[in-house]
Amino acid sequence: MKTIEQIEEIRKKIRQELDIRVNSKSSTREKHILVCQGTGCTSSKSPEIIETFRKILKEEKIENVRVIRTGCFGLCAKGPIVIIRPEDTFYAMVKPSDCEEIIHTHIIEGKEVTRLLCKDVDGTMVKKLDELNFYKKQKRIALKNCGVIDPEDIDEYIAFDGYKALEKVLTQMSPGEVIDVVSKSGLRGRGGAGFPTGKKWLFTKQAEGEQKYVVCNADEGDPGAFMDRSILEGDPHCVLEAMMIAGYAIGANKGYIYVRAEYPIAVHRLSVAINQAKEYGLLGTNILGTDFSFDIEIRLGAGAFVCGEETALLESIEGRRGQPRVKPPYPANKGLWGCPTLINNVETYANITKIILNGAEWFAGIGTEKSKGTKVFALGGNVVNIGLVEVPMGTTLREIVYDIGGGIPNGREFKAAQTGGPSGGCIPKEHLDTPIDYESLSEIGSMMGSGGLIVMDDTKCMVNIARFYLDFTVSESCGKCTPCRIGTKRMLEILERLCEGKAGEEDIYKLERLANSIKKSAICGLGQTAPNPVLSTLKYFRDEYRQHVLYYECRAKECKALAKIEIDPEKCKGCGMCKKVCPVGAISGEIKMPHKIDQEKCIKCGSCKQKCPFKAIG
Amino acid sequence: MEEQTKCTNCMEQKTKKEVEELLTKYERHKDNLIQILNEVQEKYGYIPPIAQLTISEYLSIPMAEIYGVITFYSRFTLKPKGKYNISVCLGTACFVKGSQVILDRVKSTLHIEEGETTKDGKFSLDATRCVGACGLAPVFTVNDEVYGKATVKKLDEVLEEYSKKE
Chain D
1 MKTIEQIEEI RKKIRQELDI RVNSKSSTRE KHILVCQGTG CTSSKSPEII ETFRKILKEE
61 KIENVRVIRT GCFGLCAKGP IVIIRPEDTF YAMVKPSDCE EIIHTHIIEG KEVTRLLCKD
121 VDGTMVKKLD ELNFYKKQKR IALKNCGVID PEDIDEYIAF DGYKALEKVL TQMSPGEVID
181 VVSKSGLRGR GGAGFPTGKK WLFTKQAEGE QKYVVCNADE GDPGAFMDRS ILEGDPHCVL
241 EAMMIAGYAI GANKGYIYVR AEYPIAVHRL SVAINQAKEY GLLGTNILGT DFSFDIEIRL
301 GAGAFVCGEE TALLESIEGR RGQPRVKPPY PANKGLWGCP TLINNVETYA NITKIILNGA
361 EWFAGIGTEK SKGTKVFALG GNVVNIGLVE VPMGTTLREI VYDIGGGIPN GREFKAAQTG
421 GPSGGCIPKE HLDTPIDYES LSEIGSMMGS GGLIVMDDTK CMVNIARFYL DFTVSESCGK
481 CTPCRIGTKR MLEILERLCE GKAGEEDIYK LERLANSIKK SAICGLGQTA PNPVLSTLKY
541 FRDEYRQHVL YYECRAKECK ALAKIEIDPE KCKGCGMCKK VCPVGAISGE IKMPHKIDQE
601 KCIKCGSCKQ KCPFKAIG
Chain U
619 MEEQTKCTNC MEQKTKKEVE ELLTKYERHK DNLIQILNEV QEKYGYIPPI AQLTISEYLS
679 IPMAEIYGVI TFYSRFTLKP KGKYNISVCL GTACFVKGSQ VILDRVKSTL HIEEGETTKD
739 GKFSLDATRC VGACGLAPVF TVNDEVYGKA TVKKLDEVLE EYSKKE
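Those protein sequence lines, which keep their order, are chains D and U.
Mind the numbering: the first sequence is residues 1 to 618 in this note's numbering, read in order.
Mind the numbering: the second sequence is residues 619 to 784 in this note's numbering, read in order.
It is possible that part of the hints are untrue.
[Unchecked claim] Which chain U residues face chain D? A few, computed with CB under 10 Å, are given here:
#1 D649
#2 L708
#3 G709
#4 A711
#5 V714
#6 G750
#7 G753
#8 L754
#9 T759
#10 L773
#11 S781
[Claimed, not checked] In silico SDA-like cross-links for lysine to any residue, where the CA-CA straight-line distance does not exceed 25 Å:
#12 U/K772 x D/Q599
#13 U/K648 x D/P329
#14 D/K31 x D/I107
#15 D/K615 x D/I603
#16 D/K580 x U/L728
#17 U/K767 x D/C602
#18 U/K697 x D/P428
#19 D/K560 x U/Q718
#20 U/K772 x D/R412
#21 D/K604 x U/S705
#22 D/K278 x U/T642
#23 U/K740 x U/S678
#24 U/K767 x D/K139
#25 D/K139 x D/G123
#26 D/K480 x U/G733
#27 D/K489 x U/D744
Treat the hints as calculated values from the structure; they're not laboratory data.
Each residue gets a CB set at the ideal place from its N, CA and C atoms; glycine is no exception.
Bound conformation, chain D alone (with noise of 0.2 Å):
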């Protein structure tokens, strides 16, 4: 249990210990190697990474030379990462077995490792973080800490003013005022739908009720999305504080965090995060010896994308099938076990410490007129800059896919943007200067969605990337409407017909009508909006469909059973790297010769076509 004076003056005794990690001019003699954690390094061995320093520092008695696990840096694309505070340089893809030169060359000899530098896409030499092309556009307010802190470690939390808003709220600030600060800084919800948050609060605030709830929305199901997760595993107190905050602000005294069982790092550190509050008595009773009392739980998801709709992830917490209530009562009135309850996402509470410390007009200044704020994205698929990145809103997808992205690997072409997942539309090349904010996105027909961001190139074909959300709808259609538990299935079965070549052209206005209907009638969001990615790519690449059904034809070659992948002769050089690609021997020819595809043993993996160095395998 600590009181106010004591946090602060951890705060100011890390603060300096830290000032390496944030002031590459810092005179300290000491260095932090900063090893990033997220579930995507990870999955590249950065535990090991980690290991093997601890133990070289260990052996060769090195001093002063700290080993910190942090969150996302971003650049998932280029990891595992590990970043040299602070002097701030960045090496790329770093291996266990490239532990022992950065040891000896960088910190040693202080020469820097420059084969693990990062290139940049147009091919200059990278040395620091923010060199590179893919953070200068960015501006990180929901993902401050992370890559900063060490999540695992409150000190170093409350060290970069952690816990400050909510002694300033506690302390000097009215339930009333605090509400009063999140609806002037115009945040929205960043779910997907982007209800103003102050107003939900505010709601939630009147409802008549003895006991009220605070739920945090961790349930990210959208396939390609890992914003929230990142945040969660990056910076787990931020979303704990401003649980407190709006507990504080809406008269509640209990918080639940829904979140994906798929998430075990996550789930890890919120419940570290936890346990570590309650240690400080940041978490419990009488929180920072005021009369306000808090406490957290962690629910776990269990693989349902429907519980991400905000009345059937209470139907979960509540121990039963997640499928959504109809509305009204809306949570705020009714929610968990009948109480009002207050249901925001991941990153929308990762943005009120913020708010709270520098100000609504601070918060409000930046983005569009609409949308304040920023934006965090997904950013993958046909991309050369896959990761996490987080833009003030009114930046345009231009911007994000080309100056942020990299651009389209390979030598392709861009063909669409998909924003808003399941729920969401593709968005074609003439749409790639729309400004990015909750308004233009619905206008052109998709939506902001949670943030995931897929781009894809020429090889695409449009209707089989329908299909493919449709069999995800159908697959996650929770059954308690027919619309969608009926209708999806039909549309997905007509879209399978097309990609079969055996569809006809009325199959089309069939596919078009049902889906207007299901907009209509379905009862919750995820299935008004399930017809998203049909009635857009109908929208902006009809052309294709039609092919499908009038000639027979999938210009992206990806319908395997309208596709006949060949080799053109003329641009073939006879290299013979096909060949040696192919999985099932169906290529032959003779060097320098061209080569031909045997059809008959042809699985249309593709990998010729990604190998072959002229282009002329299509």
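On the provided structure of chain D, position chain U as indicated by the hints.
Okay, now just chain U, sitting in the frame of chain D:
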């Protein structure tokens, strides 16, 4: 034959005891059901019928309702998984980079569909939605080992390697 039944019986008794032990740290609240099922799934790789019965008695929830919850969530399974569980990521980032081809290849090599286990109990196959290593797409996992930037060739090598193992 008799011996075998007897043996199944003692296995069941053993499981029942273990599950009862595990239940002691939970209060008898219905909202603990999913937490408990998660723990049982983790421990056994599936949810054995005897565990369902034990939980049902402990929390006073009908078996039918528990069955309903188990079948609703994709993480819970009613059948044991293989010794090596292969999961191919079908998240959008991986799908765009060709993970469907990887999945099809596993199916045709092992002659099993998603959610099935090979007859010898060695391999089982799942299609998962995002394992979180989007930077390494396409990705598949064998138990906890993650294989990134997968190609059909790499998959074949990995499968070959595991086939040789015990």
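Now the hints, each set against the structure:
1. D649: Because about 4 Å separates U/D649 from the closest Cβ in chain D, which is inside the 10 Å limit, the hint holds.
2. L708: holds (7 Å)
3. G709: holds (4 Å)
4. A711: holds (3 Å)
5. V714: holds (4 Å)
6. G750: Check passed: Cβ of U/G750 comes within 4 Å of chain D, closer than 10 Å.
7. G753: Holds. Min distance 3 Å.
8. L754: Since the shortest Cβ distance to chain D is 6 Å, the answer is holds.
9. T759: OK, holds: U/T759 within 10 Å of chain D, min 9 Å.
10. L773: Where the cut-off is 10 Å and the nearest Cβ of chain D is about 9 Å from U/L773, the hint holds.
11. S781: Hint on U/S781: violated, closest Cβ of chain D at ~16 Å, above 10 Å.
12. U/K772 x D/Q599: Measuring from Cα to Cα gives roughly 23 Å; hence the hint holds.
13. U/K648 x D/P329: The given pair, whose Cα atoms are some 23 Å apart, holds under the 25 Å limit.
14. D/K31 x D/I107: holds (8 Å)
15. D/K615 x D/I603: Holds: D/K615 and D/I603 sit about 19 Å apart, inside 25 Å.
16. D/K580 x U/L728: Measuring from Cα to Cα gives roughly 23 Å; hence the hint holds.
17. U/K767 x D/C602: holds (22 Å)
18. U/K697 x D/P428: It is violated: about 44 Å lies between the C-alpha atoms, which goes past 25 Å.
19. D/K560 x U/Q718: Roughly 11 Å separates the two Cα atoms, so the pair holds.
20. U/K772 x D/R412: holds (24 Å)
21. D/K604 x U/S705: Holds, at roughly 22 Å.
22. D/K278 x U/T642: Judged against 25 Å, a Cα distance of about 24 Å means the pair holds.
23. U/K740 x U/S678: Violated: U/K740 and U/S678 sit about 36 Å apart, past 25 Å.
24. U/K767 x D/K139: Outside the cut-off at roughly 29 Å; violated.
25. D/K139 x D/G123: Holds. D/K139 to D/G123 sits at ~24 Å (cutoff 25 Å).
26. D/K480 x U/G733: holds (24 Å)
27. D/K489 x U/D744: Roughly 21 Å separates the two Cα atoms, so the pair holds.
Against the hints set out earlier in the document, violations occur for numbers 11, 18, 23, 24.
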